[in-house]
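S.K.: Sequence:
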Amino acid sequence: MKLLVIAVLAVLSVNMVVSKRWLKKRGDLCRSGDGSSYHGSVDKSARGRRCLNWNRVKLHSNGLIYHNYCRNPDKSLMPWCYVRRGKKILREFCDIPRCSKPTAKPSLPVDSELTCGERSERRMHKIVGGSYKPIESNPWLATIFHKSRRYLCGGSLIAPCWVLTAAHCFSESDIQLKHLSVFLGKSSLNDTDADREQKFTVEELILHHSFNETTYNNDIALLKIKSPTGQCAVKSSSVRTVCLPPSHTQLPAGFSCTIAGFGKETQTSWHYSHRLKQAEVNLISDAVCKSELQYGNLIEVNMFCAGSPDWSTDACEGDSGGPLVCEVSGRRFLFGVVSWGDGCAKVNKPGVYTQVTNYNKWIANKTGLPEYTKGVLYPEK
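Residue numbers for the sequence shown follow the working numbering, so the first one is 436 and each next one is one higher.
Source of the hints: derived by calculation from the structure; they are not laboratory data. These numbers were taken from a predicted model, which means no experiment stands behind them. Using N, Cα and C, we set each Cβ at its ideal position, and we do this for glycine too. It is possible that part of the hints are untrue.
As the list claims (entries may be wrong) - Pairwise CB distance ranges (calculated):
| # | residue 1 | residue 2 | range |
| --- | --- | --- | --- |
| 1 | S623 | L464 | 50 to 56 Å |
| 2 | G731 | E815 | 34 to 40 Å |
| 3 | G803 | T664 | 19 to 25 Å |
Given these sequences and hints, build the entire structure.
M.R.: Given below as structure tokens:
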């Protein structure tokens, strides 16, 4: 007799262990949402009444025959069970503890409108003259490729998901959105540095509705970018956003600014520069740039000119869409987009740039990010 009792107890013990393991495998032991996935062993209603076996009620016996635990087979508000109240069999909700929320993964660092225009250097249509620089000197510089191989243009990261560039970069009829890719953190056009680079597809291409392919007026465009994992640009020493100045802000003639890119190093070069180049140029007044000696009436209200005093540095073919950045109070602001010019570094033929501060409202409307276009970090007068 004793042996029989011990054997029965052993079987029950094994069944309990198996049951617990089965419960853990098959679902939650706490309530998540409406508790449809709850598979714990609470067997009393919230009112303290013992639950009846599910097989007592034929309507809900399917798959729930062997126990009286609270469940939510019909996706009610929460798990419930049948209980006996006098001579009636009724439904009552169960008090199942909610699952604790999983610890959120630390979010990846991204720039905001309050952290733009910063860089950490390690101790250029193109850039003629100038010097080779690591990407950390221009961490907002984007390189745009067509079909992953053909370098197309430069651009500037103005928000984690948005690159500002030139509209004329996409004037070719064979360019399709699915064939565009954008790299950030690139110091070399032909080499890949996985530790510093970030690659993106283009989710949306927005050309200014009034872009004129003949005059290059309104030569500005936006790219909405997305990584293979669906993320935007992650903040790092080689990838940062550049600030946008307040609307219609202008700097005085002679102000020194920086251009950067992978464009040709001379007008007659066969290839783009393999390495990132940077050069300093000075802003030129409208009066001088619109003079007959320079460009006359070819300069529209949405354009400005910049060049070096000795005409030795300039943007060139391949630098199109890239940034003209000016440092103000220790922070870098995007004032120009490389647009066009007569040759490269020709005397009295400076580079012509799209005046970014004429487009703050357009950028805000298209990106839905008005806070990035207010220029809140620009020093007040």
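S.K.: If a hint holds in the structure, say so; if it doesn't, say that too.
M.R.: Hint check results:
1. Taking 50 to 56 Å as the suggested C-beta distance range, the pair S623 and L464 conforms, at roughly 54 Å.
2. For the pair G731 and E815, the supplied restraint of 34 to 40 Å holds, since their beta-carbon distance comes to about 36 Å.
3. Evaluation of the 19 to 25 Å hint for G803 and T664 yields a pass: the beta carbon distance comes to about 22 Å.
The structure meets every hint from the earlier list without exception.
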